[in-house]
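Student: Protein chains in written order, with the working numbering: chain Z, 1 to 309; chain Y, 1 to 295.
Simulated from the structure, these hints should not be mistaken for lab results.
It is possible that part of the hints are untrue.
[Said to hold, decoys possible] DEER-style ranges, computed between Cβ atoms:
1) Y/L33 <-> Z/P255: 32 to 42 Å
2) Z/R111 <-> Y/T237: 47 to 57 Å
3) Z/W214 <-> Y/P68: 40 to 50 Å
4) Y/L33 <-> Z/A88: 27 to 37 Å
5) Z/T74 <-> Y/F121: 29 to 39 Å
6) Z/V34 <-> Y/F121: 17 to 27 Å
7) Y/T62 <-> Z/V34: 52 to 62 Å
8) Z/E168 <-> Y/R254: 19 to 29 Å
9) Z/T101 <-> Y/V271: 24 to 34 Å
10) Y/S61 <-> Z/Y38: 50 to 60 Å
11) Y/T237 <-> Z/S199: 29 to 39 Å
Keep in mind the model is a prediction, meaning the values are calculated, not measured.
Quick reminder that beta carbons are idealized off the backbone N, C-alpha and C, glycines included.
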Amino acid sequence: MSLSVPRPAAPRARGRQSLVPYLYLLPFMLLFLVFVVYPVGYGFFVSLHRWDLLAETRPFVGLEYYRNLFDASTPQSQFFWNAMKNTAFFTVVSVPLLVATALGLALLLYRPIAGRAFFRAVFFLPGVLTVSVMGILWRWMFDNQIGLVNAVRTDLLGLQPVPYLSSEGLAWIPVIVGTLWWTIGFNMTLYLAALGNISQSLYEAAEIDGATAWPKFRFITWPLLGPVTLFVFVTTVLASFQLFGQTLVITSGGPNRTTQSAIQYITEEAFSNNQFSSASAMAFMFGLAMLIFTFLQFRIMARDARGES
Amino acid sequence: MAAPSRPADLNAPVTATAYRPRRTPRDIPRFLLLCLLAIIFLAPMYWMITTSIKPETDVISTPTQWFPARPTLENYREVLTSPDGNILRWMWNSFFVAAAYTVLHVVLCALTAYPLARMRFPGRDAIFWFILGSMMIPGVITLIPTYLMMIRFDWINSFNALIWPGVAGAFGVFLLRQFFMALPKELEEAARLDGANSLQVLWHVILPLSVPALVTLAVFAFMSSWNNFIWPTFVVTDVDKLTLPVGVNTFSQRYVTDYGKLMASTAIASVPVLIAYLLAQRYLISGLSTTGLKE
Numbered sequence: 001m002s003l004s005v006p007r008p009a010a011p012r013a014r015g016r017q018s019l020v021p022y023l024y025l026l027p028f029m030l031l032f033l034v035f036v037v038y039p040v041g042y043g044f045f046v047s048l049h050r051w052d053l054l055a056e057t058r059p060f061v062g063l064e065y066y067r068n069l070f071d072a073s074t075p076q077s078q079f080f081w082n083a084m085k086n087t088a089f090f091t092v093v094s095v096p097l098l099v100a101t102a103l104g105l106a107l108l109l110y111r112p113i114a115g116r117a118f119f120r121a122v123f124f125l126p127g128v129l130t131v132s133v134m135g136i137l138w139r140w141m142f143d144n145q146i147g148l149v150n151a152v153r154t155d156l157l158g159l160q161p162v163p164y165l166s167s168e169g170l171a172w173i174p175v176i177v178g179t180l181w182w183t184i185g186f187n188m189t190l191y192l193a194a195l196g197n198i199s200q201s202l203y204e205a206a207e208i209d210g211a212t213a214w215p216k217f218r219f220i221t222w223p224l225l226g227p228v229t230l231f232v233f234v235t236t237v238l239a240s241f242q243l244f245g246q247t248l249v250i251t252s253g254g255p256n257r258t259t260q261s262a263i264q265y266i267t268e269e270a271f272s273n274n275q276f277s278s279a280s281a282m283a284f285m286f287g288l289a290m291l292i293f294t295f296l297q298f299r300i301m302a303r304d305a306r307g308e309s
Numbered sequence: 001m002a003a004p005s006r007p008a009d010l011n012a013p014v015t016a017t018a019y020r021p022r023r024t025p026r027d028i029p030r031f032l033l034l035c036l037l038a039i040i041f042l043a044p045m046y047w048m049i050t051t052s053i054k055p056e057t058d059v060i061s062t063p064t065q066w067f068p069a070r071p072t073l074e075n076y077r078e079v080l081t082s083p084d085g086n087i088l089r090w091m092w093n094s095f096f097v098a099a100a101y102t103v104l105h106v107v108l109c110a111l112t113a114y115p116l117a118r119m120r121f122p123g124r125d126a127i128f129w130f131i132l133g134s135m136m137i138p139g140v141i142t143l144i145p146t147y148l149m150m151i152r153f154d155w156i157n158s159f160n161a162l163i164w165p166g167v168a169g170a171f172g173v174f175l176l177r178q179f180f181m182a183l184p185k186e187l188e189e190a191a192r193l194d195g196a197n198s199l200q201v202l203w204h205v206i207l208p209l210s211v212p213a214l215v216t217l218a219v220f221a222f223m224s225s226w227n228n229f230i231w232p233t234f235v236v237t238d239v240d241k242l243t244l245p246v247g248v249n250t251f252s253q254r255y256v257t258d259y260g261k262l263m264a265s266t267a268i269a270s271v272p273v274l275i276a277y278l279l280a281q282r283y284l285i286s287g288l289s290t291t292g293l294k295e
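For reference, chain Z alone in the conformation it holds in the complex (with noise of 0.2 Å):
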């Protein structure tokens, strides 16, 4: 702008500062090739051979452990695709109930109503809960003799007890009911954001018209939510693929290894079993299921978007 301001010793300063911008980014950078990308690199590295902590030499044993998983007749292969079944039976069933209730509890939620603030507190409050917190509290209530449900069952309502947590099937209904009320609050509340940025004149416009409540929501409340649908189903697909926590407390993964998720196995047989190797090429396995899903579901997802709208 002004001639007048004096610049002094351009280039030199040009010089030194193109270093600047790296220097800043050095010490992140540092950490993250520490942290983040070499260990990719190493796990494969690991999954190549035949890795024992108190063994001297780690021979080279190629995709063997890659082949393991895909010969039935070994216990690696039977486990590791009974937890990743177990896993997206878990993601099939949890996920259309943690988007449709968040939604369901928005909907109840967004118009004035008294006590609203607390009703929010109230659904939002359990997801501030450790999940170990979570995942004995819920074992507790659905303990086979005397949890709280089993208590409304016999005490209140005249029906014979049911053992949850050690039934082959319903052990899922404690880990699903457990999830769903850890998890429904964070949910709810991008749905209560996003509830609030639709313009009130838009729905003003179909009264007039004569609209009822369900014209209203089919046609103006659900695609205007579709960006947020597709966030909330998408984290919430990630978040049950990592299930860990839930069937550790609750159920141990039993009965039967019947509610054994894909992480909880792969960390028995690293950290139990010792097979850091086997173990490795299951986490290689896994994290490729999880990214050609994610790629998927986003492709399908984001194309539903813009067709609705």
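Given the coordinates of chain Z, assemble chain Y onto it according to the supplied hints.
Tutor: Okay, now just chain Y, sitting in the frame of chain Z:
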């Protein structure tokens, strides 16, 4: 772009109708439904607290004791003085680890996001996308190699193992970069004309304007460290070094059916997060809302 466009206090009226709350009869079923849901949501908390103040015989009595007939603090006393582990110690460990992690993470992310957002230099975009790309790596892939590295560093049963591996997180860089980019250029240029160097610009101009983003990131970082469960479960086994979630879980394995003690320990473990939640409610919800809706 990522700047919260509206104060995220969800209690604030946001729509025209909110300014004139009409109580219509149509609201009554909705209110009753919400009350019912609130009771269901609070039931586990109620069951936790009442169980924790019952003597052991009353916990397992049939018919069920809906309300503690002989309240006692015995479970709390036993849990707090248990030889199997010190719950207050675990709480302090968790706090120390989470606080150290949060400070390091926020400082490092701010230092990294600053040049990526506001300087021009060769390789800038490549570096940014390289960092961002790491968000695609599922955590399970680095779990085992990082554990083997901890053995080599001799960091097993050390807080170093709980703090350092997660410090260079991509999400924080992304969040702060988006925020820094949205700040007006003029203030920075004015400071430059006054002779400020880039560090002074960061400290006196950028950071003071970025308090909402920094607080959001800090709250997220603290919560994720505080609630971390998988990693500390395996990397820390020394009973004095356990964090709260892992420590409480060791109680759960030890007192499998002693629910009075288990509920006392979960109640103690819940107190700090409930207090923190009440204090940080606004930031928590604002952070949540903005990450979901922008970008």
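Student: Using the Cβ atoms, figure out if Y/T237 sits within 29 to 39 Å of Z/S199.
Tutor: 55 Å, violated
Student: Determine whether the Cβ-Cβ distance between Y/T62 and Z/V34 falls within the hinted range of 52 to 62 Å.
Tutor: Cβ of Y/T62 to Cβ of Z/V34: about 57 Å, so the range 52 to 62 Å holds.
Student: Using the beta carbons of Z/V34 and Y/F121, state whether their distance is inside 17 to 27 Å or not.
Tutor: Distance hint for Z/V34, Y/F121 holds at roughly 23 Å.
Student: Look at the Cβ atoms of Y/L33 and Z/P255 and judge whether their distance stays inside 32 to 42 Å.
Tutor: At 36 Å between Cβs, range holds.
Student: Honestly, do Z/T101 and Y/V271 meet the 24 to 34 Å range at C-beta?
Tutor: 28 Å, holds
Student: Could you see if the CB distance from Y/L33 to Z/A88 stays within 27 to 37 Å?
Tutor: 33 Å, holds
Student: Indicate whether the distance between the beta carbons of Z/T74 and Y/F121 respects the range 29 to 39 Å.
Tutor: Violated, at about 52 Å.
Student: Against the range 47 to 57 Å, how does the distance between the Cβ atoms of Z/R111 and Y/T237 compare: consistent or not?
Tutor: Holds - the Cβ-Cβ distance for Z/R111 and Y/T237, about 51 Å, lies within 47 to 57 Å.
Student: Just tell me: holds or violated, for the beta carbon distance of Y/S61 and Z/Y38 against 50 to 60 Å?
Tutor: Distance hint for Y/S61, Z/Y38 holds at roughly 57 Å.
Student: Taking 19 to 29 Å as the stated bounds, is the beta-carbon spacing between Z/E168 and Y/R254 within them?
Tutor: Given range 19 to 29 Å: holds, Cβ gap about 26 Å.
Student: May I ask you to test the hint 40 to 50 Å on the CB atoms belonging to Z/W214 and Y/P68?
Tutor: 47 Å, holds
Hints 5 and 11 from the list above are not met by this structure, while the remaining hints are.
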